[in-house]
Amino acid sequence: MKRYTATGLLAATALAASVGLASAQTTLRIGLAEDPDVLDPTMARTYVGRIVFASLCDKLFDIDEKLNIIPQLALSHETLDDGRTVVIRLRPNVKFHDGETMDAEAVKASLDRHLTMQGSFRRPELAAVDKVEVVDPLTVKLSLKTPFSPLISQLTDRAGMIMSPKAIKEAGDKFGQKPVCAGPYKFVERVPQDRIVVEKFADYWNKDAIHIDRIVYQPIVDSTVRLANLKSGQLDLIERLLATDIKDVRSNPRLKLATVTEIGYQSITINVGKGEPAKGPLGSDPRIRKALELAIDREALNQVVYNGEYTVGNQWVSPENPYYQEKYPVPRRDVAKAKQLIKEAGVATPIVVDFMVPQNPETRQAAEVIQAMAAEAGFDMRIRVVEFATSLKEAEEGRFQAYMLNWSGRPDPDGNLYIFTKTKAPQNYGGYSDPEVDVWLDEARTKSELKERKAIYEKIAGKLLSGEGSLLYLYHRKWLIAHTARLEGLQMRPDGLVRVVGLKAK
Amino acid sequence: MLTVIGKRLVQLVPTLFFVSVLIFSLQQLLPGDPALVMAGEERDPEVIEEIRRRYRLDQPLPIQYFYWIKGVFSGDLGESMRLNVPVLDLILQKLPVTLQLATMAMIIALLIGVTAGVVSAVKKDSWVDYAVNVFSLWGISTPNFWLGIMLIFLFAVTLGWLPASGYVSPLEDWRQSLATTIMPAFVLGNAIAGVIMRHTRSAMLQALQSDYVRTARAKGLEERVVVLKHAMRNALTPVITLGALEFGTLLSGAVLTEQIFTIPGFGKLIVDAVFNRDYAVVQGVVLVTATTYIILNLLADIGYILVNPRLRG
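Those protein sequences? They're chains A and B, same order as listed. Here my numbering runs 1114 ahead of the position in the first sequence, where the first position is 1. Here my numbering runs 60 ahead of the position in the second sequence, where the first position is 1.
Read the hints as simulated data drawn from the structure, not as lab findings. One or more hints might be untrue.
Unchecked claim - Output of the computed footprint for chain A on chain B, the stretches with three or more beta carbons under 8 Å from beta carbons of chain A:
1) 110-121
2) 133-146
3) 213-220
4) 224-234
5) 320-329
6) 334-347
Unchecked claim - A few chain B positions that, by computed beta-carbon distances, are all more than 12 Å from chain A:
7) S80
8) F84
9) I167
10) L171
11) V194
12) W198
13) I200
14) Q266
15) V273
16) L305
17) A350
18) L356
19) N368
These numbers come from a predicted model, not from an experiment. The beta-carbon is built from N, C-alpha and C at its ideal position, and this holds for glycine as well.
So here's chain B without its partners, still in its complex pose:
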């Protein structure tokens, strides 16, 4: 198992290098001029020239890249043009927020998705199965922004139970933190729950028809044990992959949901940065997200090995 991890870690280096070149060159394709955007309404040519000089926008691309990557190796991701704050500080500030939201969303998604998937597979073709299927389709097809606004109107404006938006760190007040994040986490989790449910259901159906389940039943095991211990454990492998990938997506920021609920996470950070052509921030965030994504993939692989001993070789 250690060799597997070691191999994957070595693969990380060229992948990240490729990602860094890609981010850097792709964002040059964005139309518009960062110096012009940054100047806001004060578009004096002299000032704009100075911005270009200061952020090396007047230098050729390879040189700009060189300076950036040199900084990255020494832990300096550059400075936000808009806020004059180091990008690393911004990322460290947003990371816990996004992590919290993603974890909550994932817990909700797994609770709903796996339970619904298992139940509908066991009760295949019954009304429960149909109901769960309709629910899952609803989850997949409901747009996040719509569900978000509806939840705000229901729980914040009409009922007044939850704050409409904003964010409080759990370290300051965990109950408030829960109150501010439960709606966005549900919106995000709901969408993923549908996908997880579909995957769990088909994997479970397959598992339930397999020989070892028949054997388990023939041994006279309780149905509960057959389903939960024998079938589900095997069925979980694809769900873990899916979960890890979805979690990675969540970590890269839930753009619309964060925007609606004003959650100051990665999604909001990157959207604002793109619109303001705050290149250093975009580069920094994408690099961090890409790294996280790759690491999560690695963790998913380790996860397989843990649930499925046959892969330990």
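Chain A extracted, bound-state conformation:
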């Protein structure tokens, strides 16, 4: 990873030279799959932006590899008052990049900004918070409108990022052009679609764990080119490697692969309640939906499209998750039973289904495999490939019968279920509605014990997984990160972000 000032034209590393690095500094070059959106924790909304935030902005809490919540800028938290009050104790002696102190006032300023700023994307995540109060310089108290157990897990993401109060006051809604937080690296420059440069923050609270001087994030959309850059040494790490390139990386002694099962899922959303398309056999009869599920061989799908690298699943959390309901294992393919169900329902085959698939080579390939499998049971899945932005609008307006969609996932199971299943919730594209499920979904939010919550989710699973639900969960992707073998200490967590603390170059 050491970059030395080059003598020849071709030996120079492009960006090292451009930012004028001294020869002994270490630079980590990370290839991103997209260009992040605005780098303002209140306004940001893309997954790729979170990768950059991992070096810039520390959060109150973080997750570990088993999805447990661990402290970061906070030291501990306590839920009081039947879940209506949350008291958070903060880590002392933490500085922001501008030298200001991170304290309870700063936490209040950040949370208040998330809650009140115009255009804030954090407001829905913190909707349960009524007010934020400073108890003492290192303690804040959050009063909730109703008990909301996923709150702490929301604070492991952008809602929990604490920004310098001085900087938010001065920059206002331009904060994202030069973010000032309390993360291990501070912002240096950004050239949209070209690079984001950050450098080591000397006063970071955990500075002994930071071993790399500078990080350059470069968006390279084409995955083949991203990998070529890694192989040629232009990049040291790339995110979102294609499953089909795994072999290539494994056979290269200079590269290493790091993987972890995602917290999200890939699913087929079935329109069960939105307009005319919902009135077809698939949308109106749970038996037909069950038949479709039985027609699909998830393991074969995984083998054919993803070289067997992904994790098959049938629920909104992966089988490795503590909230996975063992009572409902992944069903095996059973075409005979599928045909029987269709017969029982008295529906003529082939059952024509308008299958909307967002444009992406891998998703499309998976859709084709599903199409072939479903055909054996009597379905005619008519694939309609639509560019992603268009597919969102189509989904919102219910112009589909089946829609292949993935969700990047949230650490708390609520984040993978509520907005997709609750009646009229924002991402309930299938128009699913069941008053009982609605009550249970809200109830699960008020409980904080895993056992108690899991018992409530079991009741929901009983309904959704019987064929009644509008989502057919298929598999959980793996976050695939490839990096040079000289890089050590990469910790993979289920959110797939590149955590830079502890990273070392040999």
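Dock chain B against the given chain A, drawing on the hints supplied.
For chain B alone, coordinates are given in the frame of chain A:
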């Protein structure tokens, strides 16, 4: 000549107005909702409503257009929804990059195209002519993305001579800048070289058969002078038009090539903007490109007059 330029400049105004209306209305035909796309995974109805209000997406089209064009006249092209950065800043940042890439590509195209065209016309029906023709056909028919990826594999991955992608400004380090842009410039130039070669060849063939060339030869001039001074100068007129148009196309951004080599120019800017329905950016970029295109056309006309004095009237 000044009247010609003046006339063309006056024509620029209605053309640009028409272009601005066209861009604005055409992009409304794009399916999808910018507010939905912008919300990313956080599709809360309240937040989406707020985006609509903030970017006036809830207003009728003529009003949206009015606000935009009013801004344009005061030098404000609006703000990128995705990056919260003024569009003008983005354009000013990308323009030098695209300009550099386009100029390099054009130099490569002209060097290869004109030389090959002249040589093949002079050596008509010889093996050189055939070879040049095959080469030109190859240039025209090779897809940019394929050639780009092949070059990356050869020069960056296998040989390790050049960086696989990225961009460095010549003001920071001109040698690095050259190293990062030579492959994309070649890919772009190669495709245009083929077209230029074909045009140069046919124009040269015509010129070489004309009376004034025969006269020049009859005067006992050296063949080199006949070809380069008499024939080529006349043959260049169509090549200049073609070159200007191709240069204009290059300036509007070489979408695929920029994507592959991760060159942060106009092409990448506009593709990302279209996919993210970042309307202000699309409008701004298209307006600037259209203006440049029209100006280049004007320059091409001036170019004719300079090489062909008969047009100076």
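Non-interface claim for L305 of chain B, where every Cβ of chain A lies beyond 12 Å: With a cut-off of 12 Å, L305 of chain B remains clear of chain A, as the shortest Cβ separation is near 27 Å.
Chain A covers the stretch 334-347 of chain B, three or more CB atoms within 8 Å, holds or violated: With 3 residues close enough to chain A, the hint holds.
Nearest-CB test (12 Å) between chain A and A350 of chain B: holds (22 Å)
Coverage assertion for the stretch 224-234 of chain B with respect to chain A, Cβ distance below 8 Å, three residues required: holds (count 8)
Verdict on chain A covering the stretch 110-121 of chain B, where coverage means 3 or more residues with a C-beta closer than 8 Å: holds (count 3)
Assertion that L356 of chain B lies farther than 12 Å from chain A (Cβ): Answer for L356 of chain B: holds, closest chain A Cβ roughly 25 Å.
Status of I167 of chain B, Cβ more than 12 Å from any chain A Cβ: holds (19 Å)
Q266 of chain B non-interfacial with respect to chain A [C-beta, more than 12 Å]: Non-interface label on Q266 of chain B holds, nearest chain A Cβ at 43 Å vs cutoff 12 Å.
Least C-beta distance between L171 of chain B and chain A, which was stated to exceed 12 Å: holds (20 Å)
V273 of chain B non-interfacial with respect to chain A [C-beta, more than 12 Å]: For V273 of chain B, whose nearest Cβ neighbour in chain A is about 44 Å away, the distance exceeds 12 Å, so it holds.
Coverage of the stretch 133-146 of chain B by chain A, judged on three or more residues with CB within 8 Å: Held - the stretch 133-146 of chain B has 4 residues with a Cβ nearer than 8 Å to chain A, which meets the minimum of three.
Given as non-interface: F84 of chain B, which should sit over 12 Å from chain A by C-beta: Consistent with the label, F84 of chain B stays out of reach of chain A, its closest Cβ about 19 Å off (over 12 Å).
Of the numbered hints given earlier, the model fails none.
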